[in-house]
Amino acid sequence: MHKWLDRAAPVLTFISILAIWETLCRLLAVPSFLLPTPSAIVIAAFAVDIGQWWAHLAATLEVTLIGFVVSILVSVPIAIALTNSRFLSRTLLPLLVVVQSTPIVAVAPIIVVTLGAGLLPRVVITFLITLFPLVISTATGLQATPPELIELSRSLRASRAREYWQIRLPFAVPYIFSALKVGITLSVIGAVIAEFVAAEKGLGYMILFSTSSFKVPQAFAALAILVTASLLLFQLVVQLQRRFFLWSIPASR
Amino acid sequence: MTNAAGPVIELADVQQTFVSSDGTPVHALEGVSLAIGRHEFVSIIGPSGCGKSTILRLIAGLLRPSAGRVAIFDLQVIEPRDEIGMVFQKPTLLPWLNVLDNVTFPMKHKYGTVDAKDRERALELLALVGLKDFMAKRPDELSGGMQQRVAIARSLLHDPEILLMDEPFSALDALTRDEMSFELLRIWRERPKTVVFVTHSIPEALLLSDRIVVMSARPARVSEIIEVPLERPRSFETLSNPRLHELANAIREKVFSRKLAA
Ligand SMILES: Nc1ncnc2c1ncn2[C@@H]1O[C@H](COP(=O)(O)OP(=O)(O)OP(=O)(O)O)[C@@H](O)[C@H]1O
Ligand SMILES: [Mg+2]
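Protein sequence lines correspond, in order, to chains V and W.
Using the working numbering, read the first sequence as starting at 1 and increasing by one per residue.
Using the working numbering, read the second sequence as starting at 1 and increasing by one per residue.
Same shape as in the complex, but just chain V:
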């Protein structure tokens, strides 16, 4: 019984919150342009053609995933370069810090002006917001390798490539995955920011468009889908680690 309750707890909490939300909105007669009831949001969601939702979702996912993957592909070599060379770490790192310290929301319109209105600026925005945490975590992981193993590698006169491929990178896997978990949610944020600035499709665009025409329940519906997608992507990263790098998860065996 306890176990069952333990499992059902998150779902029950969620349902209770929805119920309280619905009741309060009705009792206090909150206007729907301020805070729509959950039922109104569901109705608004179904008022839009399901195919249209899919198209918006697909557009957002496309930007999110491309930006995320490019970010991973770029961050690993940068992290290796940072670990490998004092010169590079002294030139690249400040640059990265500058990128990270610049509010992406402020730069996004400039990027759109520079790169046009296609997929590219949106991917770039997503990429920029995800890059820094990935680089820093990967570099930290690469440097967390026990020095004895590096000495072992040296004593075997193994190549640098093998040192990285067989020792340092696997040691960085737990660090990389904690960055990926943060990174995937950041990528969603990046995609939405990009869609706020310039897009004619996507869930971010849908939210902006709905609020500007006072369809607040519809905006909430788009938001709900966005949050769900973000959670599922996060779970996907978690499951990937479970499936392929189980050893890198400490307390689970």
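Please note that the accuracy of each hint is not assured.
Selected chain W positions facing chain V (in silico; Cβ < 8 angstroms) [said to hold, decoys possible]:
1. A60
2. L62
3. E79
4. I84
5. M86
6. T92
7. P95
8. K110
9. F134
10. R138
Note that these hints are calculated values from the structure, not bench results.
Cβ coordinates follow ideal geometry from the N, Cα and C atoms, glycine included.
With chain V held as given, fit chain W with the ligands onto it using these hints.
Same frame as chain V, but now just chain W with the ligands:
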């Protein structure tokens, strides 16, 4: 092998100076001379930070001396060589590989592939350290002592002539530590090697070694080389042998009185 009569490892007036992070020079070793014969078991003891690990690194070819000569089989050491196996204070196994793959890892790392013969040898070594049944386990499923045995098996994979061990048992509890000492003696008897063993424990050094090299504090020199008169094979009884305790006290006194005099 080459020149069977001469020393296997030779350090002649070796000096090692590091540059610390604030730019000041650190004289770690100052004129260390030492010759170690074939299949000899030599322990190095000395105060913390005196340069024991540095000596092992020099022999391993991971470090070039600032001055003096380090030679193996009468050949100057200029880079890491195949005759050497290393065991560190921590087992430092690869957590994503099982025990067997950890033992064969040096081959994989050096040559890119592991063949059936390597695997067969690894199994033999796992049997030698008493872990054959654990070959499919991951390192984190093993106790500290078992992990260190795996690390020892790994260091023996290419049948090195020389085994360098840097405080290999110091992370273990006292009981496991004694057990591992006897284990090491048994392995050394079955597969004779030239062993250089760094430790902080005088009784451990006495139990294991033919000779004990006592180092002075930094800048380190060899302050004394002690022949261990305990007869082999040494066993559990050796630990309670009054001779061992007399010797341990004598060494302690020497090290301590020098410290007071300094
Ligand atoms: N790469 C290095 N750069 C600068 N100083 C170093 C370096 N390696 C060692 N040293 C210094 O040289 C001295 C000897 O170091 P070493 O590690 O050989 O000592 P040790 O006898 O093994 O000490 P412990 O018993 O604590 O292991 C220490 O003072 C250490 O700070
Ligand atoms: Mg040391």
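Item to check | Those earlier numbered hints the structure runs against, lowest number first | outcome: Of the numbered hints, just 9 does not hold.
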